[in-house]
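A.B. asks: Single-letter residue listing:
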Amino acid sequence: MKKATKGTWVEIENIVLNVGERAPQVPEDTKKTPLVMWTKGLLVDEEAEIGEEVSVKTLSDRVAKGKMTAINPRFEHDFGKPVDVLIETGISLKKEMGGIR
Amino acid sequence: MRDLTYEAVMGRKNEIMKKAVGIDYSKFEFGKIGFDYEKMMASVAYEMKEMQKIQKYTKVGNTPLFELHNINKLISENSEEGKGGRIFIKDEAANASGSFKARRAAISVYHAQKMGYKGVIAATSGNYGAAVASQAAQRGLKCIIVQEVFDSKRKGQPEIVEKARKCEAFGAEVIQLTVGPELFYTFLKLLEETEFFNASLYTPFGIAGVETLGYEIAEQMNEMEGRCPDYVVATHAGGGNLTGTARGLIKAGATGCKVYGASVDLKGLHMASDRDFNRKSFTTGHTGFGIPFATQPDRTDVPRNAARVLRYMDKYLTVTQGEVFYVTEMLAQLEGIERGPAGNVSLAAAISLAKKVEEGKIIVVQETEYTGAGKHPMPQLTFAKGNGINIYRGDIRENMPGKSIVLPEYFGQIEAVELDMNKMKERYIANVAKNFKYEELGEEDVKYLEEELRMDRTDIERNMNK
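These protein sequence lines are chains A and B, in that order.
So the first sequence is numbered by our numbering: it starts at 1 and just counts up by one.
So the second sequence is numbered by our numbering: it starts at 1 and just counts up by one.
Here chain B stands alone, though its shape is the one from the complex (with noise of 0.2 Å):
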């Protein structure tokens, strides 16, 4: 008999996550810290050709580019004279189940199927595992996706539930926790167990899977308008939208175009806590998870994290709850589109950067997000009213995540927040400070983290020595 405890199962965590994925990382870890991820990305993952190929059979990919009209002219008319971008969005809510995520789970799906495995297992409490079990669907494999969705008097989120439901339509089976990271102890027996593949969010398979998206983009854009586009502005949680975005860019030859990651300002809830658990409104696309996985990306279930955003990020954006539910609102009433509030999130970001930059740039908000049941602001609004939170519209500045969610009174208000790059780099370091001193770290180590951080070494040897 296997031994089941708490300690024992982590205890094996290493072993478990090498057969579950079959990726033997240590062959790209070199001196105290580095390892090559441009060479883990190129020799685990999959070609742009192939995966666009892989993607099609599976009914992911080549989805619409929209001009949001009447938005754009909401921007031109609340802009400084001289000033106003146009603002395009990638409707990925038409992949099937719904989201971007369907692009990650594609390869990783068709990835396991090839290998063997009789079936796939994700932790996620988004819509990746709709996505997962759609693609397990498809291709015949079986599929268990683990979600965290009830705080401890088993309320769940609306969100959470909602895609719970979505999985079951897909065949999943479908396992749910109250709150608490010991979901990953959960994830481990039942890997054991199954001897299932780890579709997990952050291997190679799971980004290069979007590099498709940012591809399209860059191909769609230069059909339309003759040119790649300006910014490109994605919703960042875990750091794979993000990444896997700016890596396709870059291989269409769009290296010109800027990429600005947005998150829903969370601040002050904690992620692991059953009481704040239901006081949030959004459950990904928050700084909850985006700050950490900026800082310390090799926080997920597998060894190495291929989402790794301060190698991409040129700026980051955070917005309020109250203009995420705003600009959902508004892309029903004035786009005659109904998607889902966490896709969202980049388009109230996109609209703020739309009223600094010079008239005519060109900006692509890259998702948006299936709408249904619990998944849109009605329901979502609903549920924060009965855990308390204080809903009006007036000033945006009094969003307080978990006690209020103020909506804007006017399109004028919506103004992300830039957050300090430099800062998030700098709490990068102290983590890596933690374990080693600047002079015990190697050449190839420095240079390592002059790539990771797009920072000269003598500043990280400054912010190392804090």
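In isolation and in its complexed conformation, chain A is listed as follows (with noise of 0.2 Å):
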């Protein structure tokens, strides 16, 4: 989906500092790159693409601006892989333990 209407839930983002902008104390590999801020809220606009400037309003009930970059964006994290290295942990305590039981 492109397209977001009045309502919506949506991602926001603005650039609050750009490259040459930052504090002097940040260390050289993130002073080559821009202070990215993300916000989410309901689509104020009636009609919006990605990529568009829009106004959200946000769940403290502020209307913040930025450009809109996801629309109902989804927690993408999650469990993970199995790891050999946890499986193993477990087994060998459980020996240690004096089996299972």
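What the hints contain is simulated information worked out from the structure, not anything from laboratory work.
One or more of the hints may lead you astray.
To be verified - Below, computed lysine-lysine pairings styled on DSBU-like, alpha-carbon distance capped at 30 Å:
#  : chain 1 : residue 1 : chain 2 : residue 2
1  : A       : K3        : B       : K155
2  : A       : K3        : A       : K65
3  : A       : K67       : B       : K13
4  : A       : K32       : B       : K155
5  : B       : K153      : A       : K2
6  : A       : K67       : B       : K189
7  : A       : K94       : B       : K18
8  : B       : K13       : A       : K31
9  : B       : K437      : A       : K31
10 : B       : K403      : A       : K31
11 : B       : K19       : A       : K65
12 : A       : K6        : B       : K155
13 : A       : K94       : B       : K361
14 : B       : K434      : A       : K65
15 : B       : K18       : A       : K57
16 : B       : K466      : A       : K57
17 : A       : K57       : B       : K155
18 : B       : K73       : A       : K95
19 : A       : K31       : B       : K385
20 : B       : K267      : A       : K32
21 : B       : K267      : A       : K57
22 : B       : K13       : A       : K65
23 : A       : K95       : B       : K83
24 : A       : K95       : B       : K356
25 : B       : K434      : A       : K31
26 : B       : K385      : A       : K57
27 : A       : K6        : B       : K118
Unchecked claim - Computed from the model, here is a short list of chain B residues facing chain A with C-beta under 7 Å:
#  : residue
28 : G180
29 : Q333
30 : P377
31 : S404
32 : L407
33 : V417
Think of the CB as a built atom: it goes at the ideal place given N, C-alpha and C, for glycine as much as any other residue.
Build the complex from these two chains, which are given one at a time in their own frames, with help from the hints.
C.D. replies: What follows is the structure in structure tokens.
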């Protein structure tokens, strides 16, 4: 979906500080990147496409402006893949306890 | 129109903060460097009974204290004759929002409501965000949490992404940023825009809220074993956990109890580096916060940090990332409770300690945290692997933050490394010496340093003149 209508849950992006504007104490590798911010809220505009400047009403009841980067963004974090060292850890600890009774 | 440039906003820092926390810190300050810590705690924060009442109202406190029978059996088997302590764990995951941070948030948010603020803001990538969000939800206040979560490729730390989800679950607005200390600039702009309360981790409310934890430990231990614990091990990052717990223990009369700090060793990784950001598996409870916050406590978002660990910490132990993942797995597989890794830093240190102390000594691990997607050894190690970290079982001394995570192959390998507290105190003094010569300090400043460092003045003078 590239288009969102008023009231849709969307994400917006803002560049807080451009490269060259970063604070002096920031390490060199970080200085080469802008400071970017993402905020979510309900779209205020009647209709908008990804990449357009929009306004959103956030959960704390603010109106925030920025470039729309996602519509109905999902959380993609999960429980990962099975990790062999963890499986082996469980088995070896149970052995140390005298086996699985 | 207000000037919203970086320089202008940072320049208004003091006035913004004064409005946002409602504390006039200058009332407690004296001399060149000193301030009356106890007076600040006594006059700003709340009394124990009152805090217990506030916390109970919003589902915080009175968490269970469990003995870890199977782990204790392994400790006993892996200790020399006459050695082997017993570990008890305070299941702080049982608090509303799933961590001890709810204790801090409960007092801060109560205070914000009492003072008439319409909302609260906290800058945190940790469990404190969800804690503030949960408390704000219960008290009908608006809430914004500001997180540092992504690197420049927009790859997020799974642990922090999960915390964002949890904040939103409680109805809070979450603002997410890429790596960098200028998060503080965004934070200040939001405080100015909204006029919300700064529910900082480091106000007297944020620290006093943890005192109930130390107090409960002493009370519960007395009930269960007829005596106070011999040791309490607390994970140390910003210092609030250890400071509050130690103060609570003292208030409960457990003055003989030793308080040890524990952090994950992340030596060599720069906390503000875009490259290093996703090479670590622990986003808190590590030495990257633990050391600077101990040696320069006032480096926070409020003028005076109410967390002052060097006043309370008896020893400082570090453990490896591999050891913490190992004990997290152990807690699930041997004790039947699944908890988040970051909360188990102190458990790893406690197991190491337990093998060395006299048989029967009581050691309390004073927290656990909730676990879930992203915030669990499996996703965190999957993430580490994806970032090129080498993961294997073997010699734990081969752990290299940012390069390898080595899990122990057997229980007996767990061995914390003690950091020299004197070195930390020397570093604290060196920070003072950057701005002042010893001769420039007044009597009250020197007294203040003696209390801060639990060090006598001849040593302070010698170190300042180094």
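A.B. asks: Confirm or reject each hint.
C.D. replies: Against the structure, the hints:
| no. | hint | in the structure |
| --- | --- | --- |
| 1 | A/K3 / B/K155 | holds (25 Å) |
| 2 | A/K3 / A/K65 | holds (17 Å) |
| 3 | A/K67 / B/K13 | holds (28 Å) |
| 4 | A/K32 / B/K155 | holds (17 Å) |
| 5 | B/K153 / A/K2 | holds (22 Å) |
| 6 | A/K67 / B/K189 | holds (19 Å) |
| 7 | A/K94 / B/K18 | violated (55 Å) |
| 8 | B/K13 / A/K31 | holds (23 Å) |
| 9 | B/K437 / A/K31 | violated (34 Å) |
| 10 | B/K403 / A/K31 | holds (23 Å) |
| 11 | B/K19 / A/K65 | holds (25 Å) |
| 12 | A/K6 / B/K155 | holds (29 Å) |
| 13 | A/K94 / B/K361 | holds (25 Å) |
| 14 | B/K434 / A/K65 | violated (43 Å) |
| 15 | B/K18 / A/K57 | holds (28 Å) |
| 16 | B/K466 / A/K57 | violated (56 Å) |
| 17 | A/K57 / B/K155 | holds (26 Å) |
| 18 | B/K73 / A/K95 | holds (13 Å) |
| 19 | A/K31 / B/K385 | holds (26 Å) |
| 20 | B/K267 / A/K32 | holds (23 Å) |
| 21 | B/K267 / A/K57 | violated (42 Å) |
| 22 | B/K13 / A/K65 | holds (24 Å) |
| 23 | A/K95 / B/K83 | holds (23 Å) |
| 24 | A/K95 / B/K356 | holds (23 Å) |
| 25 | B/K434 / A/K31 | holds (26 Å) |
| 26 | B/K385 / A/K57 | violated (38 Å) |
| 27 | A/K6 / B/K118 | holds (27 Å) |
| 28 | G180 | holds (5 Å) |
| 29 | Q333 | holds (4 Å) |
| 30 | P377 | holds (6 Å) |
| 31 | S404 | violated (12 Å) |
| 32 | L407 | holds (5 Å) |
| 33 | V417 | violated (21 Å) |
This entry does not satisfy hints 7, 9, 14, 16, 21, 26, 31, 33, going by the numbered hints stated previously.
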